[in-house]
Amino acid sequence: MSGPLIMALVFVGTLAIGVPVPFAAGIAAAAGILIADIPLTLLAQSAWTAFEPFPFVTIPLFILAGQLMEKGGMSQHLIAIAERLVGAYRGGLGLMTVLACMFFAALSGSGPATTAAIGSITIPAMQREGYRPRFAAAVSAAGGALGSMIPPSNLLIIFALVSDESIPRLFLAGIIPGVGLGLLLLIAAYIVAARAGYGGGGERFRWGPLMRALWDGKWAIGAPLIVLGGIYVGVFTPSEAAAVAVFYGAFVGFFIYRGLTLETLLQALKFTALTIGTVLFILGSTKAFGQLVTLYDIPEGVLALFAGLKEHPWLVLLLIGIFYILVGMWLESVPQIIIFTAVFLPLVTELGVDPIAFGIFTVMTCEIGFLTPPIGVNLFVAARIARVSIEEVSLGVLPLLIPYMLMIVALIFLPELATFLPDLIYGVRL
Amino acid sequence: MSVLSLIDRRFEEVLCGLAITLMACSVMLQVVLRFVFATASPWAEELAVYGMIFAVYFGATMATRERQHIRIGILIEHAPRPLAVAMVVLADLLWAGFVVLMVLLSIEYMELLFRVTQISPGLGLEQRWIRPVVPIAFTLMLFRIGQVYWRWGQTGWKGLPL
Chain V
1 MSGPLIMALV FVGTLAIGVP VPFAAGIAAA AGILIADIPL TLLAQSAWTA
51 FEPFPFVTIP LFILAGQLME KGGMSQHLIA IAERLVGAYR GGLGLMTVLA
101 CMFFAALSGS GPATTAAIGS ITIPAMQREG YRPRFAAAVS AAGGALGSMI
151 PPSNLLIIFA LVSDESIPRL FLAGIIPGVG LGLLLLIAAY IVAARAGYGG
201 GGERFRWGPL MRALWDGKWA IGAPLIVLGG IYVGVFTPSE AAAVAVFYGA
251 FVGFFIYRGL TLETLLQALK FTALTIGTVL FILGSTKAFG QLVTLYDIPE
301 GVLALFAGLK EHPWLVLLLI GIFYILVGMW LESVPQIIIF TAVFLPLVTE
351 LGVDPIAFGI FTVMTCEIGF LTPPIGVNLF VAARIARVSI EEVSLGVLPL
401 LIPYMLMIVA LIFLPELATF LPDLIYGVRL
Chain F
1 MSVLSLIDRR FEEVLCGLAI TLMACSVMLQ VVLRFVFATA SPWAEELAVY
51 GMIFAVYFGA TMATRERQHI RIGILIEHAP RPLAVAMVVL ADLLWAGFVV
101 LMVLLSIEYM ELLFRVTQIS PGLGLEQRWI RPVVPIAFTL MLFRIGQVYW
151 RWGQTGWKGL PL
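Line by line, the protein sequences give chains V and F.
Take the first sequence: its letters are residues 1 to 430, numbered as in our numbering.
Take the second sequence: its letters are residues 1 to 162, numbered as in our numbering.
Just so you know, the hints here were simulated from the structure itself, not pulled from any lab data.
Beta carbons are placed, not taken as given, at the ideal position from N, Cα and C, and that holds for glycine.
Derived contacts from chain F toward chain V, CB cut-off under 8 Å, selection only: (1) 24; (2) 30; (3) 31; (4) 59; (5) 60; (6) 70; (7) 74; (8) 91; (9) 98.
Using the sequences and the accompanying hints, generate a full structural model.
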């Protein structure tokens, strides 16, 4: 049997009996190293060196910033703005949830965090108004997944680091697909709500209250302007922008919206540590994984496998998309991106696919993983808030997956959706 | 005893909190220094990275204590209890085995590191004084895995140690 096959079997086998993901990856990497007959100290070495690239600090900083902004009271203000915009329509609270998720996604880089920040307020509100809990939870989960598409995005940072692409370019590339996805989700939520006869009859749209909400929420709206604006004007690097976001979030949370206390600050720090300790920790074992992928020439093998389809890049992308969605049902997004980008990126660039567009495509397929059982993180978060079962939410979320599918297909045939903005601002890549 | 239990409950929390604060402050400081003095500060970058690595490793041991590491539980949930217990115990043994391997490997690697002097470019710190955090954290993780089982025993082996 060949090395990669044994590695894959060890990985899947250990995962299946319940070894936590980073350690299953570590055991598989150890097996691969033993078979390849290189010194095992490679594992000890990458346990440290994997974390050395400075841009990685962007991820914990954005996690912390998102926590501070949520606990500090920014999410309430964003929801208030969304309510004034769409509250009067059928399913108003559902639309409001999606819209507020879009706003919060521009502050936060994580899907589950966005679901928690917005859903913890809007799900109970929807339940009070007689929405089915299944729909309330599903719309928050689906909207929350925008958190990792609309910049900033932790998953795009991970993709940028493994593929050696620029983070600002990828962030820009996420804007059109992210906002487009948000609009499609609004339509889907409206259709579902209209058929079920939820809501409606809220206060009619008037400019006055909207303006007041915008004014009250100016500090929340200011956050993406400073953070993303700073990156694109060239004032900050993404990592610096993330640190600025932390301090801005702390300042507004303590002194302006006053949602933060010493206790919530400590909670935010602990949450950040637990998140990076469980999610980023895997970098240590997957770095060795990546080196083995190169050692075994896996991209070459994959290339040979797809040789017959060379004339049809769209078909290759479609197959990769289906594969990613299937894997994403079982695996966390971070290990998925790290492991499979190394395998598939050389293949698709060979076929003439833009790496930036492939990054957006990859993250978009991961979002579906957030929203499908058994390991859909967003579903867990939303189900816990709504106090319904995962099964219930996963049924509710089905119609809301259609926008994601449409967007993935659109990206395959129209990669300009992703590459248009970065090419416009930074010039076409060579 | 109460001091011990305080350390048990708060050690990683405090350490991670400090490490993350250090990371955020040094990146922020870098921004400020660049604006005010227009100088690059490689030591601030290094400090931030060290803060992150400490937070990642001790965050991982904290997650071990609180059983927060992400597992695929679908087989365990649907298996009859004896089989489920067997799977969880086997999974944890494999996990612990990997952790022991990492402790041994990183100690071996440290010995190598101690023989040469490798000084970091920014802070001028010798690597041998920082990198041992890896074997230390893995040793603590082993202790935390054992602790979960000790707590499980205290509850009379009810449920699963998850």
